[in-house]
Amino acid sequence: MVVLVVLAVPWFLWGDSRVVAGLPLWLWWHVGWMALAAVVFYAFTRGPWERLMGVTRG
Amino acid sequence: MADLGLQVGIVGAYLLVALAIGVLAYRLTGRDAEDYYLANRSIGTVVLLFTTFATLLSAFTFFGGPNLAYGAGPEWILVMGVMDGVIFALLWYAVGYKQWLVGRAHGYVTLGEMLGDRFGSKALRTVVALVSLFWLFPYVMLQQMGAGEALVGLTDGAIPYWAGAALITVFMILYVALAGLRGVAWTDTVQGLFMLSVVWIAVAWVLSAVGGVGVVNEGLRASNPDFFSLGGGLYSPQFVISSAVTIAFGVTMFPQINQRFFVAKSDAVLKRSFALWPVLVLLLFVPAFLLGTWAAGLGVTVPEGANVIPVLLTEYTPAWFAALVIAGAMAAMMSSSDSMLLSGSSYFTRDVYRPLVTADLSGVLGGDSRSDSGALALVRSVLRERTVDGDREAQVARAGVALFATLSFVASLFRPGSLIEVGDTAFGGFAQMALPVIVALYWDGTTRDGMLAGVLGSQAFYLLHVFVPAQSVGGVTVFGATYLTWDYALWGMALGFVLTVGVSALTGAAPEENATRFTEGLRAD
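Protein chains in written order, with the numbering used here: chain U, 2 to 59; chain Y, 140 to 664.
One chain only, chain U, in its complex shape (with noise of 0.2 Å):
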């Protein structure tokens, strides 16, 4: 979760302005960063999501 926040913004391409198919190469980044995290959420919600919670089932 720590490295899904940290390289939510692509620091390394700070300052960087590559052109991909009409569009900044760090908003794709953005773009596929940011379908990770759906996937990662999801899988997320089917782990570990109740046991931080302290929560009793039923």
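Since the hints were derived computationally from the structure, they do not count as laboratory data. Keep in mind the model is a prediction, meaning the values are calculated, not measured. Ideal placement from N, C-alpha and C gives every residue a C-beta, glycine not left out. Be a bit skeptical, because a hint or two may be false.
[Said to hold, decoys possible] Counterexamples of contact, computed for chain Y against chain U with all Cβ distances above 10 Å: (1) A348; (2) F367; (3) G371; (4) D406.
[Claimed, not checked] A short, non-exhaustive set of chain U residues, derived as facing chain Y with CB atoms under 8 Å: (5) V4; (6) S18; (7) W29.
Since the structure of chain U is already known, use the hints to place chain Y on it.
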């Protein structure tokens, strides 16, 4: 201007249709508070997702964001995307899921009610409600400013700013008076889907009208070569982080968002919404802010006091389409404002008005009982309900909404700042409350004194920085926009955290506190 009649007709018709949907939903709505404010905690995934999403479909996103992307570059997509798609999503879990569990166990309807019960403090309850209402004011005003400016841009000034702002104010008041949360949630969903589709159609339309993204980029290279590189100008790393963090934390404390945390039908609804959220955010922000950026490359000039999106659309798409987009945006803004006003009115009636007029029953009815079962909580909430004349309270709520919206309309006429500035200030104000609340939700050592210190201390700090002009004291600038290049809103949040934890550690729990309220008896389905 032949188009004027058409434009006004489309905007008017659209707003009326939105109102009709709300009225229809109202006819299906029960009359008790749980239904009016929470739609009986029965909101499903699609509606929950869109009704939360619709709150983002505000003038801040729709006009302010593109204006910023037009003026400073497309990095705003990244700032808002990270803020909303990642940070807010995680808070959705950390704050939202926890509040859902706690709210379901004890029957809470508002944040103030939840905290007031946990800490056995009416003062805390009222303070939380008042702080929320205070910051809600500029955000409602922002919608009125946005609507006024939108119609100026669309009609090229034929409809003056005040008339647009007045129009949306009237619709807001009508709407809240006629529909509860169910009505708002329904229109939010319709609006959300409509605006998502329309913004993509606008992108396609503009691109095909100008001859493709290559043409736009050539224009941008000539006019704003720095727009392609990440960062630069306004966008420093500090700005990106400060904006993303304060807005994300602020959003969780918005009454209309925070109240949504209580309304989900089941935890499956919260989970699905959580996973879908980044995608939805991406689908909205990328096209909306790209349009703003592209307008700069196309050499669109925006008149003083107007917004870039209406001007761009009027130039590159037919008049009816531009009018439809603006109508959709205004209706979305109306719908978001209604969510805000509705939640605001429940904060006002439950947490400010009711404690003033009712006798204190909490002692008699077990407000201090340590092991409050769900059934007892229900009985208590029903009894509380009965102690107040429901009709009179509903009147107070509606009068309060009308007064609030009218005052913010008057304030919007003075246009105290740009859309982004006003929005940012409001987000920052709400963000000050987030850390004390999170500490309270997770640490049972939090005390009433700690909460009051954290909430009031950070608010005082933040308000001083909003209203007192920057001054130099002994070579150090105080009350400026930043300290050590970081936004004062972040420092305020840190202060709130330190005060909450520090004062809690130094003080003991008051006898009225229910420390286990947020930790025991939480059940999922």
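Are there hints from earlier that the structure breaks, and if so, what are their numbers? 2, 3, 4, 5, 7
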